[in-house]
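**Student:** Listed here are the chains, written in short residue letters.
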Amino acid sequence: MSKNLTHVPYYPGCSLKTKALGYERSAMDCAKAIGFEMHEIATWNCCGASFPLTKDNLMGLAAPANILLEAEQHCQEREIDANLITLCSFCYNTLKRTDFAFREEPKKLETLNAFLKRQYQGSIKVVHYLEYLRDVIGFDNLAKMVKRDMSSLRVAPYYGCLLLKPQKEMALDDPEEPVILHDFLEAIGCQVVDFPGQVDCCGSYLIMRDPEKVLELSHNILQEANDYGADALVTACPLCQSNLDQSEGERRGSDHYIGVQGMPIFYFTQLLAVALGLDTEPHQFERHCIDPTSILSACLEDGAKPIEAKK
Amino acid sequence: MAKIGVFVCQCGNNIARTVDTADVAEKTGELSGVAHVEDYKFMCSAPGQEMFKKAIKDNNLDGCIVSACSPKMHEATFRKAAEDAGLNPFKVEIANIREQCSWVHDDKEIATAKSKDITKMMVNRLKYNRPLERYKMPVTKRALIIGGGIAGIQAALDLANAQIPVSIVEREPSLGGNMARLSETFPTLDCSQCILTPRMVEVSNHPLISIHSYAELEKLDGYIGNFRATIRLKAKSVIEKDCTGCGECWEKCPFTVENEFDMGLSKRSVIYIPFPQAVPTVPVIDRENCPKFIKDKCGLCAKVCGQQCIDFTQQDRVIEEEFGAVIVATGFKLMPNVYKEYGGYRPPHMTPKKLTAKIRKTLPRSTAGRLVDVINGLEFERLASASGPTGGEIRRPSDGKVPETVVFIACVGSRDCNKGVEYCSKICCMYTAKHTMLYQHNVHHGKSYVFYMDIRAGGKGYEEFINRAQSENANYVRGRVSRLSKKGDKILVKGADTFTGHALEIEADMVVLATAMVPQEDAMGVAKNLGISYDQHGFFSEQHPKLMPVDSSTGGIYLAGACQGVKDIPETVAQASAAASKVMQLFSREELEREPEVAIVDEKNCMNCWDCVTVCPYNAIDRTEITNRQGQFLKWAAKVNPGLCQGCGLCNTVCRSKSIELEGYTDQQVYAQITAFEGAFV
Chain B
519 MSKNLTHVPY YPGCSLKTKA LGYERSAMDC AKAIGFEMHE IATWNCCGAS
569 FPLTKDNLMG LAAPANILLE AEQHCQEREI DANLITLCSF CYNTLKRTDF
619 AFREEPKKLE TLNAFLKRQY QGSIKVVHYL EYLRDVIGFD NLAKMVKRDM
669 SSLRVAPYYG CLLLKPQKEM ALDDPEEPVI LHDFLEAIGC QVVDFPGQVD
719 CCGSYLIMRD PEKVLELSHN ILQEANDYGA DALVTACPLC QSNLDQSEGE
769 RRGSDHYIGV QGMPIFYFTQ LLAVALGLDT EPHQFERHCI DPTSILSACL
819 EDGAKPIEAK K
Chain Y
995 MAKIGVFVCQ CGNNIARTVD TADVAEKTGE LSGVAHVEDY KFMCSAPGQE
1045 MFKKAIKDNN LDGCIVSACS PKMHEATFRK AAEDAGLNPF KVEIANIREQ
1095 CSWVHDDKEI ATAKSKDITK MMVNRLKYNR PLERYKMPVT KRALIIGGGI
1145 AGIQAALDLA NAQIPVSIVE REPSLGGNMA RLSETFPTLD CSQCILTPRM
1195 VEVSNHPLIS IHSYAELEKL DGYIGNFRAT IRLKAKSVIE KDCTGCGECW
1245 EKCPFTVENE FDMGLSKRSV IYIPFPQAVP TVPVIDRENC PKFIKDKCGL
1295 CAKVCGQQCI DFTQQDRVIE EEFGAVIVAT GFKLMPNVYK EYGGYRPPHM
1345 TPKKLTAKIR KTLPRSTAGR LVDVINGLEF ERLASASGPT GGEIRRPSDG
1395 KVPETVVFIA CVGSRDCNKG VEYCSKICCM YTAKHTMLYQ HNVHHGKSYV
1445 FYMDIRAGGK GYEEFINRAQ SENANYVRGR VSRLSKKGDK ILVKGADTFT
1495 GHALEIEADM VVLATAMVPQ EDAMGVAKNL GISYDQHGFF SEQHPKLMPV
1545 DSSTGGIYLA GACQGVKDIP ETVAQASAAA SKVMQLFSRE ELEREPEVAI
1595 VDEKNCMNCW DCVTVCPYNA IDRTEITNRQ GQFLKWAAKV NPGLCQGCGL
1645 CNTVCRSKSI ELEGYTDQQV YAQITAFEGA FV
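For the record, the sequence lines run as chains B and Y. The first sequence begins at 519 in the numbering used here and counts up by one. The second sequence begins at 995 in the numbering used here and counts up by one.
Please note that a few of the clues may not be correct.
Taking lysine-lysine and the DSS-like style, the derived pairs with C-alpha atoms no more than 25 Å apart in a straight line are [what the hints assert, rightly or not]:
no., chain 1, residue 1, chain 2, residue 2
1, B, 683, Y, 1480
2, Y, 1121, Y, 1228
3, Y, 1066, B, 686
4, B, 731, Y, 1481
5, B, 573, Y, 1291
6, B, 731, Y, 1488
7, Y, 1413, Y, 1441
8, Y, 1413, B, 683
9, Y, 1576, Y, 1066
10, B, 683, Y, 1488
11, Y, 1246, Y, 1213
Source of the hints: derived by calculation from the structure; they are not laboratory data.
Starting from the given sequences, assemble the full structure and let the hints guide the process.
**Tutor:** Written out as structure tokens, the structure reads:
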């Protein structure tokens, strides 16, 4: 490809290399098609997965601070804009709040720098892939790149919690009435179904301790989305996807949970890849508990008319 | 040579414990200019003051220092005593050796040395004190009241009954304010309009009260005792003196718009009075919506008016009136009902920046449509009111059905720094309890739930009222509601019951929000117009939170009602009466006395930079032309209006040519005080 792609450093985190491999691959493919390239930073560690809520214990910030430090070096070596793109909501939340903590209280960074291998200067801006599409690429421009007709899809955006909250620190969108996924899905040509449960809790890591609770919560979400007329859910969080998707498999045949069945859960990048006309083979639809390909067939069918690329 | 008397007070043991007052008196006596010293146990006692007066007369003193407590305590006492003894009161100074010395030190030696220093500094300063005279100013004995709600009505009646002429400026076409909207009032459940309208009639019939309805205050100039108000009388398009209020015009008017008096729950004609008991009973034409003004069509009202008093050509009139005092009673509004506007809970300041016009058009969507059956407290009042849109039957706005299940949510927007305001809206616990009763009286088989955080019912008969509401069929649930969403034709209320620790879901037919009381939208503009201060929420600030709760920060302007802070009706009325009595005090004298500690300008030196004009928070500095004896213009100079100057000293500090001085705190005095400092105790 002769096009000069923008180089954007990327922090994957654990899920993107394991359960959510399809999310990472589709995101990378889409990026190339859109005009930027995600480069994994050379060395990285676990982000810590949850932001430490003790105000005085800075040890919890050491892991995310180290990631920011690596990213800073990555950018400095290549003399590129100090952005760090993430996909997972947990990573995004932890890194962005760490960044916020450093900006609010530079003393914290000063203390932590004494423990890091080099001095982190605080230059990195943490962005979510979705945020990058909205603010850098622009949903309007994105709409012009759409190659396949997605209008047969009735999908509901599902945000979960960590992408948006706490509002003051994340500052991505309104925490109760978010619009970013809605606008994204509208841009790629889907029919968007909003439902009140879109910011409800999926159960998160209760899946480890109390899986029954997750079954219940995710059932409520899916049932509500179904009631509002959605055929599928779209999320940006690997844990939400996993909880919603797997619990559907576990509830199958249960007498307790009656109602919605077989609603596929997409990563937003998987739908974007379809819309951009990319090959979805590497995007691991086969690893979903609920097979999403059947509702995509209308879009993917060879016979389906690709829409005229707008100028 | 000055003849200064120094009086050192022991204050019982308060000062004498750590300060050797005899030593202080002796040492101070040796200073040049000191003619007389005393060391006494209680200077402020009657014998102490007598001794003080006698010493002035006997020794023919021309200045006195009292080394005692803070000047905040007894400066006025000793200045008065000096005046009685024939000495200019501004030749008396207090040296504070109690709060600033004896109370904060343990070491007697150090404290005594410091007391000597403090006293010596004041002696040195006193040598440059000029005898000052208090300013005397005439008073215009008329009061202006801004706002014709219950606060304004009460204040107007109190003043007018004390023979003081009053003008009320009310923005709406009628007096009454928010109280006119209420159905019944807590804790006695008497009908709001029944107790309010007689007072409105009394106001309208009182010969000393003039009502400027449909009018706004544009500007207020002047100072305490001598205000000049510019009032805009908006064109009513009706000739007031001819109108009999027969109602022919508003009954025949074919056009309707949302009725703001009914909180948009009903329609009103374009020529209208807000409610049947309106005072004055003169309709106004809403020019923004009247087709006669938009496209020159209709004009039916003019045809049906028997008195021929419709005048489409009427213009706004601007009048100027003189007043001696102002009472601000602009009242409150409720925080916007965000469910109606956005379909989800989002206070206006949380609206994301990206919420462009395009997106706004498609909102609300995530909670699937406007939740029109989520209403606020005032809307419920209108539904329950016999003169309201439903004639007093509780019917929900969407389809007019009688709601079988109603959820009341307290503390919406209040006590919530993240999504609303931090303060407690105070009246909501009570009116929510009242709402449950009104609902129960109306819909006997209905179920009502109240989600609350705490019940705050501190008032006479209030707790008893809450107990009654709780024991009659309202279900009180302690906990917050997390989400309201649409479910069929019902509203799904998801919340928590923190007593049982369980999540709760209720399918309600109607939800009533006790949204926080906030100041009127333009309250800050009004404050700037009047030159009074306001707090971070926009409520007008009182002079002192405990001891001067009805005085604003500006002399001659007083506060009444909910514009100063959240209040219920009894408190509002009490404050209005208090404000009225303050005005009576002010008007009880023929002339006003002002302290002479104000800024004065050395006109020769003034170099017209006008920094002082910019910095003065009280608008007390003006420009004046300096002319010679022949009346020829020489130069410009700043001029301080002593009626407005509060003696804050800001102009003093910014003046680069040192041509403004604060009387009583001149540079000379302050330098003399500082240079006398020895610091022996440091």
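**Student:** So, for every hint listed, does it hold in this structure?
**Tutor:** We went through each hint and held it up to the structure:
A hinted pair counts as satisfied when its Cα atoms are at most 25 Å apart, and residue 683(B) with residue 1480(Y) qualifies at roughly 24 Å. Distance check on the hinted pair: residue 1121(Y) and residue 1228(Y) sit about 59 Å apart at the alpha-carbon level, beyond 25 Å; violated. At most 25 Å may separate the alpha-carbon atoms for a hinted pair to count; residue 1066(Y) and residue 686(B) exceed this at roughly 45 Å. Pair hint residue 731(B) plus residue 1481(Y) holds up; C-alpha atoms about 23 Å apart against a cutoff of 25 Å.
The suggested pairing of residue 573(B) with residue 1291(Y) is violated, with an alpha-carbon distance near 68 Å, which exceeds 25 Å. About 17 Å separates the Cα atoms of residue 731(B) and residue 1488(Y), which keeps this hinted pair within 25 Å; it holds. The hinted pair formed by residue 1413(Y) and residue 1441(Y) fails the criterion: a straight-line CA distance of about 29 Å is larger than 25 Å. Annotation: proposed proximity of residue 1413(Y) to residue 683(B) holds, straight-line Cα distance about 13 Å (limit 25 Å).
For the hint linking residue 1576(Y) to residue 1066(Y), the alpha-carbon distance of about 22 Å falls within 25 Å, and the restraint holds. Only pairs whose Cα atoms come within 25 Å are accepted, and residue 683(B) paired with residue 1488(Y) is accepted, the gap being roughly 19 Å. A distance of roughly 38 Å separates the Cα atoms of residue 1246(Y) and residue 1213(Y); the hinted pair therefore is violated under the 25 Å criterion.
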